[in-house]
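Heads up: the protein sequence lines correspond to chains H and P, in order.
Residues 11 to 188 (this note's numbering) are what the first sequence spells out, left to right.
Residues 19 to 679 (this note's numbering) are what the second sequence spells out, left to right.
Below, a list of computed lysine-lysine pairs in the DSS-like style, where the Cα atoms sit at most 30 Å apart:
1. P:Lys355 / P:Lys432
2. H:Lys163 / H:Lys183
3. P:Lys285 / H:Lys13
4. P:Lys432 / P:Lys285
5. P:Lys355 / H:Lys13
6. P:Lys561 / P:Lys623
7. P:Lys285 / P:Lys355
8. P:Lys432 / H:Lys13
9. H:Lys72 / H:Lys183
Sample of chain H residues at the chain P side, in silico, Cβ under 7 Å:
10. Lys13
11. Tyr16
12. Leu17
13. Pro19
14. Leu20
15. Phe23
16. Val27
17. Phe30
18. Lys112
19. Gln124
Computed far set for chain H versus chain P, every beta-carbon distance over 12 Å:
20. Leu68
21. Leu71
22. Ala131
23. Ser158
24. Gly159
25. Leu181
26. Lys183
27. Ala187
Quick caveat, the hints were computed from the structure, so don't treat them as lab data.
Cβ coordinates follow ideal geometry from the N, Cα and C atoms, glycine included.
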Amino acid sequence: MRKAVYLLPLLAFFALVAWFALALRPSYDPQTLPSAMIDQPAPAFDLATLSGGPDLALSGLKGQVVLVNFFASWCAPCRVEHPILMRLAEQEHVALYGIDYKDRPEAARQILAQLGDPYRAIGLDPDGVTGINFGVYGVPETYVIDKSGQIRKRFVGPLTAESLERELLPLLKKLNAS
Amino acid sequence: MIIEAGHYALILALFVALAQSVLPLVGAARGNVGWMAVGRSAALTQFGLIAAAMAALMYAYITSDFTVVNVIQNSHTDKPLLYQITGVWGNHEGSMVLWVFMLSLCGALVSLFCDNLPAELRARVLAVQGMIGVGFLLFILLTSDPFLRAFPPPPNGEGLNPVLQDPGLAFHPPFLYLGYVGFSVSFSFAVAALIEGRVDAAWARWVRPWALASWCALTIGIAMGSWWAYYTLGWGGWWYWDPVENASFMPWLIGTALIHSSIVVEKRDTLKSWTVLLAIITFALSLVGTFLVRSGVLTSVHAFASDPRRGVFILLLLVLVIGGSLTLYAVRAPNLKGGGLFAPISREGALVLNNVLLICGCATVFLGTLYPLFLDAIGGPKLSVGFPFFDRTFAPMMVPLLLAMGVGPLLAWKRGDLPGALQRLWAAFAVAIVVAIGGLVVTQGAQVLAVLGIALAAWVFTSAVVEWAERVRLFRTGIGDTWRRAINLPRAAYGMSLAHMGVAVTVAGISASSFAVENIQLVPIGGDLPIGNFVLHLAHVDKVPGANFTADDAAIEVRRDGALIATVHPERRFFPLQQQTTSMTAIRTNLLADLYVALGDQDDKGAWTIRAYWKPLVPWIWLGGVIMAFGGMVSLSDRRWRVGVAARARARMFAQAATGD
Numbered sequence: 011m012r013k014a015v016y017l018l019p020l021l022a023f024f025a026l027v028a029w030f031a032l033a034l035r036p037s038y039d040p041q042t043l044p045s046a047m048i049d050q051p052a053p054a055f056d057l058a059t060l061s062g063g064p065d066l067a068l069s070g071l072k073g074q075v076v077l078v079n080f081f082a083s084w085c086a087p088c089r090v091e092h093p094i095l096m097r098l099a100e101q102e103h104v105a106l107y108g109i110d111y112k113d114r115p116e117a118a119r120q121i122l123a124q125l126g127d128p129y130r131a132i133g134l135d136p137d138g139v140t141g142i143n144f145g146v147y148g149v150p151e152t153y154v155i156d157k158s159g160q161i162r163k164r165f166v167g168p169l170t171a172e173s174l175e176r177e178l179l180p181l182l183k184k185l186n187a188s
Numbered sequence: 019m020i021i022e023a024g025h026y027a028l029i030l031a032l033f034v035a036l037a038q039s040v041l042p043l044v045g046a047a048r049g050n051v052g053w054m055a056v057g058r059s060a061a062l063t064q065f066g067l068i069a070a071a072m073a074a075l076m077y078a079y080i081t082s083d084f085t086v087v088n089v090i091q092n093s094h095t096d097k098p099l100l101y102q103i104t105g106v107w108g109n110h111e112g113s114m115v116l117w118v119f120m121l122s123l124c125g126a127l128v129s130l131f132c133d134n135l136p137a138e139l140r141a142r143v144l145a146v147q148g149m150i151g152v153g154f155l156l157f158i159l160l161t162s163d164p165f166l167r168a169f170p171p172p173p174n175g176e177g178l179n180p181v182l183q184d185p186g187l188a189f190h191p192p193f194l195y196l197g198y199v200g201f202s203v204s205f206s207f208a209v210a211a212l213i214e215g216r217v218d219a220a221w222a223r224w225v226r227p228w229a230l231a232s233w234c235a236l237t238i239g240i241a242m243g244s245w246w247a248y249y250t251l252g253w254g255g256w257w258y259w260d261p262v263e264n265a266s267f268m269p270w271l272i273g274t275a276l277i278h279s280s281i282v283v284e285k286r287d288t289l290k291s292w293t294v295l296l297a298i299i300t301f302a303l304s305l306v307g308t309f310l311v312r313s314g315v316l317t318s319v320h321a322f323a324s325d326p327r328r329g330v331f332i333l334l335l336l337v338l339v340i341g342g343s344l345t346l347y348a349v350r351a352p353n354l355k356g357g358g359l360f361a362p363i364s365r366e367g368a369l370v371l372n373n374v375l376l377i378c379g380c381a382t383v384f385l386g387t388l389y390p391l392f393l394d395a396i397g398g399p400k401l402s403v404g405f406p407f408f409d410r411t412f413a414p415m416m417v418p419l420l421l422a423m424g425v426g427p428l429l430a431w432k433r434g435d436l437p438g439a440l441q442r443l444w445a446a447f448a449v450a451i452v453v454a455i456g457g458l459v460v461t462q463g464a465q466v467l468a469v470l471g472i473a474l475a476a477w478v479f480t481s482a483v484v485e486w487a488e489r490v491r492l493f494r495t496g497i498g499d500t501w502r503r504a505i506n507l508p509r510a511a512y513g514m515s516l517a518h519m520g521v522a523v524t525v526a527g528i529s530a531s532s533f534a535v536e537n538i539q540l541v542p543i544g545g546d547l548p549i550g551n552f553v554l555h556l557a558h559v560d561k562v563p564g565a566n567f568t569a570d571d572a573a574i575e576v577r578r579d580g581a582l583i584a585t586v587h588p589e590r591r592f593f594p595l596q597q598q599t600t601s602m603t604a605i606r607t608n609l610l611a612d613l614y615v616a617l618g619d620q621d622d623k624g625a626w627t628i629r630a631y632w633k634p635l636v637p638w639i640w641l642g643g644v645i646m647a648f649g650g651m652v653s654l655s656d657r658r659w660r661v662g663v664a665a666r667a668r669a670r671m672f673a674q675a676a677t678g679d
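Just chain H, with the same shape it has in the complex (with noise of 0.2 Å):
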C-alpha cells in the first residue's frame, strides 16, 4: 500500500501523455477550435447594458447578421482587435455588439473612451456565465449570428486584417445576401 503511493507521480504523468497525444492529434488546431456551437441556434441572452440603456438580449438582434465580440478591458489582445473593430464599424458597418466579459464596467467605459467604441450595444457579463454559455475559451473571440439566430462561425484569439479579409468579410456578404 504504501508502495502505491510512489507510483502516484508516474500515473499522473501518463495521464498528461494522454491528453497532450490527444492535443497532437491531426484534426487539432488550437487557432480554429472547434465549436459545438456552430450551427447551433446561440444561446440566448438577456444583459444590462455599459451604457445603462435598454438590455442587450438576443431576441432583439434577429433578423440581421451580427457579430458579438467578447472583450475585456484586461485583455492585452482586444487592444491590438481594436482597430479592426473601429474598421468592421465605421467603413464596413457591420453591426457588431460587444459582450464585456469578467470586467469591471468603469474600467472598460474609461478604455472605449479612449480607444473609440466600435459596437452598437454592450451587453456587461461580469460573472462569465452569458461566456459559458458560449463555450468562451478566452477573450476576445468573436462570433457570426445569422438572421434566424444561429451561430455561423466563431473566431478565437484576435481577428486580424487577414482573417478579415479573407472569411469575416466574404461570410458575411453571404450571409445578408440570403
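Using the hints provided, position chain P relative to the given structure of chain H.
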C-alpha cells in the same frame, strides 16, 4: 565547408553522447574504473563538438551565408551584427542547438568540478546527462536540422522578427535555457541516486549548488523576459499569464521548492524521496515547457512555428525521460531510508509548508495553462481562463507563503518556538501594520488589496532584517561583538536574507502596479497630455533612418509644474522587409516610479496617439528578481559548497558509522 563541419560535429556529438550514456553506467554497475572514466572524457568531448557546431552556425549567420536555409529564414545582410549573432537562437532550430550546447556545458562542468564525487556517482550522473543529450541531439538531427542547405541561394534573407531585435530579448534565451537545462544536473543526480539507492546529506550538498545556480539563471531569464514584454509591447503590462511565460514560471516554482527541501535533506537527513521527486519534476516541467512551445498544442504569442512531427518526437522524448525516471522512482524510492517524523513547528516544518504552498501554486498555474487543452481533449465544454483566473487563484495562495516566509527562518531545527519567533518579529508586525494603515489612509481605501500586498511585502522585508539582526545580536551586545558575528555569519545566511528581501521587493512592485495611472489620447504636434503630476508636450516627430528600419521619433517634453524635467523619445520603428511596426517606448525611471511613454498611430489630421503611464514601484518587480538571483549567488559562494567539503562530510559520516558512533 564550415557548415558541413558543424553538421558533422553535431552527428559526432550524438555518438559521443551514446557512448557517454552507456559505458559509464555499465562501468559503475561492474566496478570497472576505466569504463566509468569514459563519462568524463566523453562529456568534455561532447561539449567541444557541440560548441564547434554552435560556432559553425554562428559563422553562417555572421557571414550571412544564404545557402543555409536557417540563415535565409532568419537573417538579413542589413541586420546589425548583435542581432545576426543572437539571431542564431531566435528560431526553433538554432534555439535547440543552444539548448544542447547548454546541456553539454553542464555535463562538462560536472566532469570538471566534481573531483571529489565518488566515481560511481559521477559516472552515473554523466551517463544520465548523456542520455538526455542523445534524445535532444536526435531531435535536432532528425526533425530540426539547422545546417540544411538551399540551392540556389536567394540574394538575401527573410530577416528576423523585428520584435526579437532587441537587446533584452537577445540575452533572455541563454539565461532561460541555462536555467532550464541546469536543472538537468539535479535531475541526473536524482536518477543516479535512485540507481544507487542512496540519498544522504552529502548527496544534498552536491545537488544543491547546481539547483541554486540554475535557479539564479532562471530567475534572471524570467525577469529579463518580463522586462522585455514591459518595454517593447507598448502596453505597460509585464506579465500576461501566457502559456509560454507559465512554462518558464512552473519550473521556477518547483525549483524554488527544491532548493528549500534539499536544505532539509542536508541538515536533517529526511524528506529524501520527496526531494528526489522535486528534482525530477523540476526538469520534467522544463521539458514540458519545451514541448508546449514547440508542438503547437497551445497558442501563444511566443510560440515557434509548429510542426506536428516535432510535437510527436518531443512527446516521445518526454515519455522516455520523465516516464523512465518516474518508473525508476516508483521502484526505488520506497526503499530510500526516510528520516523520522518531525514536529510541525520547526524549521523543517516551515520548509515543508513552503514546499506544499509552492506546489499548490504551481499546480494552479499548470491547470490554468492546460485546462483549455484538457477540456477540449475530453470533448467537454470550454471554460475561459485568463487574468481573472490566475489573479483569483494564484495570488491568494501566495499570501500564506509570504506570511510563513517571515516566520520560518526564525524557527529552530527540530523543535521551533512559534510564540517566541512571533514575539521577536514584533518590529515586522509593527512595520506591516503601519504600512497598511498608512496606505489605506493615503489611497482612501480605493485599492485595499494592493495596500495589503505592499504591507505583506513590508512584513517579509522587515522580518528578513529582524532575522539577520537576531543572528548578529544587533543592539543586544557591543558593536564589536555584532561586527564579529556579522562577519562570521555564513554567506548562505546572507544569501537567504537577500533572496527573501528580493521577493519582498518584487511583491511590492507587483502590488503597486494597480496604482498606475494611464492616459491614452490623440495629441496634435504642439499639444499637451497630462499624466499624474506631469504634462507631456509633443514638440515634434521626425523620420529617422535606422540600420534596417525607419523610425518615427517623437520628441516629448516632460514638464512638472511648468518646469522642463526631461525630453523623452519614444519611437515607432517600421521594418520594410517584414512590413511590421514595433514600438520603442521611452521609460524614464527614478527607481521609485516609471514614466512610460509609447508612440502610437498617426491619424489623418496629423495627430499622434500617445500612450502614457505613470507606474509607481513597477521597476521593483525586476529589481527584486535581480536581488533574488544575487542572493542565490551569494549563497553559492558559501564555503560549504567549496570543493571537498561535501566529500569530507561523507567520509566523516562513514568513519562515524564504522566506529559505531
